[in-house]
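Protein sequence lines, in the order shown, are assigned to chains A and B. Position 57 of the first sequence, counted from 1, bears residue number 57 in our numbering, the numbering being contiguous throughout. Position 36 of the second sequence, counted from 1, bears residue number 36 in our numbering, the numbering being contiguous throughout.
Simulated from the structure, these hints should not be mistaken for lab results. It is possible that some hints are incorrect.
Note: identical chains are not told apart, hence a pair may lie in one copy or across any two.
[Stated by the list, open to error] Here are the simulated DSBU-like pairs of lysine-lysine, each with C-alpha atoms no more than 35 Å apart in a straight line: (1) LYS56 / LYS86; (2) LYS56 / LYS70; (3) LYS22 / LYS73.
Remember, predicted model here, so these are calculated numbers, not experimental data.
2 protein chains.
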Amino acid sequence: MELLLTYDVSTVTPEGRNRLRKVAKLCEGYGMRVQKSVFEIVCTDSELLTLLDAIKRIIADQEDSIRIYKVPKGSFRAVKTLGTAKPLPHDDALIM
Amino acid sequence: MELLLTYDVSTVTPEGRNRLRKVAKLCEGYGMRVQKSVFEIVCTDSELLTLLDAIKRIIADQEDSIRIYKVPKGSFRAVKTLGTAKPLPHDDALIM
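The shape of chain A in the complex, shown without the other chains (with noise of 0.2 Å):
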């Protein structure tokens, strides 16, 4: 499945800082960090209830906020850009 994934951290502390790094990493193990805090991410079940697992034992969960979003197949091709954005080729990169 194809899912957007926005993550709300303050970047003022380093422990916020350091945090998006760690979620980031995570995420870009299943797509595309397309923005500093947004991901698009292709995975399974599975592999989603995995990263949600990991993602809840970094975040601070007073503070940050993460937002899912399921989007259908063919969305991340299908991104309305304005400034430097451009979609991304997720299908090139998975098989590279």
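We have chain A already, so just place chain B on it with the hints.
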């Protein structure tokens, strides 16, 4: 239609913070700010054109990144959340 708009902008500079504030104000006219730079938007095709046009006039083309994902109806309610994040009631908000 329902859209997820994510805005990557450096908030280190006052100019960046100002652009984020302006984009947030615009987006809040069509939906809700659910994270610092993530907006759940409900709009028509023509409203989207108006919104995009207004955003283009605010953002710094060479620095900022805007991504807009079309999501299926009901996605905002079905969002999976961790930490302080919660699904937000768009319908109720619109009725009020």
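How the hints compare with the structure:
Taking the shortest alpha-carbon separations for LYS56 and LYS86, both the intra-copy value of 30 Å and the inter-copy value of 15 Å come in at or below 35 Å. For the identical chains of this complex, LYS56 and LYS70 are neighbours both inside a copy (19 Å) and across copies (27 Å), given an alpha-carbon limit of 35 Å. In this assembly of identical chains, LYS22 and LYS73 lie within 35 Å of each other by CA distance both inside one copy and across copies; the values are 27 Å within and 32 Å between.
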